[in-house]
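Listed below are the residues making up each chain.
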Amino acid sequence: MKPFKVAIPKSVEQASRFQKSDDSPFIAGGTDLLARIKEYVVQPETIVDLKRIEGMTGITSTDDGIRIGALTTMNEVATDGSVTDDYPALSETIMNAATPQIRNMATIGGNICQKPRCWYLRHEGYSCAKNGGSGCWAREGENEFHAIFDNQVCAVTSPSNIAPVLVAYSALIEIQGEEEKRTVPAEDFFITPDQDPGREVLLEPGEVVIAVHLPSKNRTKRWSYTEAREKQSFDWAQASVTILYDRGGRKGDHRVVLGAVSPAPLRRDDLEKILKSGSLDDAMIKKLQMKIGDGAHPLSQNGYKIPMLRGLIAQGVRNISGRKEG
Amino acid sequence: MAEEITIKVGFGDHFRDLTVRLQDGDIAPWQPDQQLDVVGKRLPRLDAVAKVTGTAKYAQDQNPAGMIHGRILRSPHPNADIRSVDLSTAKAMPGVRATLTVPEVFEDSSARFAGAEIAAIAADTEQQADAAMRAIQVEYEIKDFCVTIDTSMQDGAPQVGRGDQKNVQRVSPRSRGRRRGGNANPGADQQVLDRMAAREKEVSALLAASDVVVEGTFRTQVQTHAPFETHGAVCSWEDGQLVCWASTQATFGFRGELTSNWGQVKASECRVLSEYVGGGFGSKFSAGREGVIGALLAKQAGVPVKMMLDRSGEQTSAGNRPDALQKMRMGVNKDGVIQALQIRSWGTPGSGTGGAGAHNDGIYKLGEVDKVEYGVRTNCGGARAHRAPGWPQGSFALEQMMDMAAHSLDGIDPIEFRKKNDDHPIRVAEYDIAKERIGWNKARVRGGASNICTGVGIASNLWFSAGGGGASALVRIAKDGSVEIRNGAQDIGTGTRTVMGMVAAEELGIPLDMVSTRIGDTNDPQGPMSGGSTTIGTLTPAARLAAHYAKKELLAVVADRKGWDPTDLDIRKARVIRNDGSDTGLSFHDACQLMDDDAIEVLKARPRRNYAGFSDTNAGVQAAEVEVDMETGVVRVKKVVAVADAGKLINPMTAESQVRGGVIQGVSYALTERRIMDRHKGRMLNDDLENYKILGSLDCPEIDVVLVDVYNGKSNTQVMGLGEPPIVATAAAVANAVADAIGTRLFEIPITPKKVLEAIASKKAPDPADKKKGARL
Amino acid sequence: MDKKPEEPPEGVSRRLFLKGAGVAAAAVSVAQLPSDVQATSGAEDEPTILGPGPVPIQLRINGVDGQAEAAPSTTLLDFLRDHQGLTGAKRVCDRGSCGACTVLLDGRTVDSCSMLAIDAVGSEITTVEGIGTPENLSDLQQAFIEKDALQCGFCTPGMVVSCTALLKENPTPDREQIRRGISGNICRCGTYQNIIEAVEHVSRKGGK
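Those protein sequence lines, which keep their order, are chains A, B and C.
So for the first sequence, our numbering puts the first residue at 1; every next one is plus one.
So for the second sequence, our numbering puts the first residue at 1001; every next one is plus one.
So for the third sequence, our numbering puts the first residue at 2001; every next one is plus one.
Here chain A stands alone, though its shape is the one from the complex:
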């Protein structure tokens, strides 16, 4: 790597102020940033290390759910009792992601802020809408792993396994800048290229994700996270479906969120509505399958993601009907 300086702030305010003036990238676990530096797709003079700021790790109970410090590692999140008990889809998606080593290093904050895996974006010499240029190489290129939804401007897929599950749980992202704190619903935190092709998350310069809140409202014992991919050891999902089935049944507040098929996690309220229309039987599955591809604009090589989603949602519903409300 080209040598860089490491700035070690002692507080979020310091980090924020420094990053705003310097435009240096933040580093948490480092599993994403270091790889990108090695590829020369970013060449920072300085990186800002968040790891020595106190108070950013750990999972605590709150009045309404749990609060996960942004620097808590993926493994710590996945194995924490409060997560496995009340937010099991989060545990499940994390344990499907990456490798044991990466799960020990990568943080939940870094995970949701990571850059997309698009191979054009991760190789030097491909200027595009996402990195300060224009256009999208994948749309008329090698797009087998790219998005089938919201892909007109840029066809990246949301790389984070966790993101769709956070959206499903109506998570809130706690953000701190130099002076102020704010909280953003996960659903709004992850943005699409139409909103801003240069960003994947709604962070302004200098802002740091400091925690993720999981409220109680979508907690349920009837959950499912399914994904499909080519390799079972360390691979990225080609498509995923998260279903949270509320005990209210036909009156329930269900959640269906698709992952790895669009630039941001895709919440499907049309499918949630279908879940309210009857019991979880084969007829329900067929209805969901018929609708799940709506709005998709497959590219030349990724049309298979539609039947894959159909398969995943069927498996998801069957998982849920096998689970008892406890």
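Check the hints yourself; a few may be wrong.
In silico lysine-lysine, DSS-like type, Cα no more than 25 Å apart, as pairs [claimed, not checked]:
(1) A:Lys286 with B:Lys1763
(2) A:Lys115 with A:Lys2
(3) A:Lys2 with B:Lys1091
Hint data in this document are derived by calculation from the structure and do not stem from the laboratory.
We have chain A already, so just place chains B and C on it with the hints.
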């Protein structure tokens, strides 16, 4: 004077007598009734301790005093001519001690793939070398390019090569009067074309006359070797002598390239050291440009240079298994006998044309074969021999044709169909072993609640690797009782070192832990490359002879000191014994003490030729069981049964590991690995180990290995190699199993969920209720 | 901070001295490091800036302190291999996708190529060299040898480290758990089955 002996050759229930004229000085191979103390035992590798403790030093680990770092600048363009290379900025940068350009050194001003070497730098630190490399200015004349065989084969496609090189070149039957790398001389080629036309007519007629004709078009992908240790070497000059700690599978080949092809040093002044090598799989036979570059930079800098590829350079430039597009037509008669086979195939070995053939016309009796192969140039990294070159590609196609033919013949079982067209003396016994252990006749799962379908498939191996001449071994027995065997060849993870030691130990009559081994040094006796699965076939007869004659010398000393008859003596279990089995009272150690000299050293070469033997070839059969998720397209290979033979098995444990390793690479080839080229800029998009997908632990099937021990008689150790055979059949067996599972065939690998979903969508799905339990599709 | 900054060594103006305060607290997250980093310069309300040139880095490796001057952008892998002579961990993909560089950080597996050496300050690092030596092999290493759980050996140090961590956390893993435990370690030669058998062997014997 050649001695004539009669030996038993064969395996299991199949033995026969064979009369053999031993070559000068050679000894009889071990016989089935002979008691062996070391050979045939499952003994731990001699280098296992070093490897599990991380104390084994590979080329990547070498760090001689003053070592600096080399970096290669690579072309970002897939097809360009190098107009100029300006090193001036780079040379002036901190830490830079040596530079060179490819046009100067290799007299090649073309960059024919993205990743081609352009120039190189050596600097004190890696960071300085990177920075200087990036400061090199190159002027390119950029050309249009092709990175797939489909685009390269189109009319009007951009020219991949130079001069009058055509994109598509017939490679078999070979053109006559063809200049090296150039196109055929039309006149001389006419005879060949005439013969080809006649052959086509003949085979077409046989096909037309057959009861059934099956046809298929198959595609396999480019697979990279991806050894974990990349290519390269640490090179150091001292007083005009060049020492290279190389990551190589051919210590002598590496040296040969530095000395003869490139010519800056004589063989006697060049030493290649390669005690541990982190994999090769066929890509590390030559020094490569990186080896030569390392040596030149080191000479210029006057200090050692570490010139090892990074992963991207490894993936793009250090070789691959070519792809293959194979069109086949097979004619079969109702009695199940294959009449004829017509094959046309294309593949790309990069910007060259040779080496992309698929071996799809062997293994079975295929009647009359009309085969034409074409090499298709592309602007991609060049191919190198890759574990059983041409065979997994060909097998994928041929074995599916076999299943298709069997199915078209009104329910003849695919195994019975193969047996009808197979006369291999060893494989005849292997089919039934595989069949039984995979559960060939067990009920398949068909859909149901979880929409999983299971299937079973089978395929065969063929190999020919008894080794050949050209190896010597040195055995040294010291007065203090220590024993060492030396050979200059390498062990790339195959267990060569251990097998060599075991053969010497067996012949000397002592346990393995009394033998030390020295390998991987071209100062030691000539050894073979680790290639063609010929290594231990070539090496072990030399090892055995060196041990044999060293023992004889030692026993001569004993006989002389004690006044005994030397022909009545032998060594067994570290004791000196008489032919009647009685103990002389002397241990091996005692015997050594009787020496006057410090040591006995015997250097012996292996006999030049092999004998007739039981079989010139190895066989093998593999059966795979798969589970397909019909909803997501995900395929899991649950189990592979691999029946394998390799002549006389010296160490069944390392042999089993070779088979398991080949099977895992074969499953990986079948399901997950492929090179992906960008059509926009002609670059390899998965030049890493993440998007280039190698099978991991969660994808690994259960592998049931059955080894058949064959007293082959082809040399005094009767060893046949086992490196390559186990990768030949695997992908084919998996493909056949998937077809069995889902009721439609995949004609392309890797078999990804995308391909499975597309295949399911395009077939007319039979009603699962129609299928009887266990019935085959 | 209360402490007076130490005087920088002679001849160095902005060199920063980085030293951990000792053994990390038990519950410390891998991603969160002790904040008692002493700086020789830098204002109270400004971040400490290290580099880009070399700084003295002291790490605790296999129970022993190891110090070297290295740029803060040096990965832990390169620090171990190039500055401490510990060549067991290998550079294979250098991107955190193959596990050949796996070491333990406070007992947990990490890809050392994907973190900076300075990130390991204050933690206990264990490399394959600290798990066993030729004279004193761990049970797991012994089982690897007996079950032939290696071929070329390049992935082996990482595998040994991952399996050691797995057994520490779960002394009696089943097959599926073993597979998961090594799912971040690729083996190109194809030794997975033998590795699983080696771990099972240790698990049955109750060793490590």
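Q: Decide if the proposed pair is consistent with the structure: A:Lys286 and B:Lys1763, CA atoms, cutoff 25 Å inclusive.
A: 20 Å, holds
Q: Take the C-alpha atoms of A:Lys115 and A:Lys2, compute the straight-line distance between them, and say whether it is at most 25 Å.
A: 20 Å, holds
Q: Sort out whether B:Lys1091 lies within 25 Å of A:Lys2, counting only the CA atoms.
A: 18 Å, holds
Checked against the numbered hints given earlier, this structure breaks none of them.
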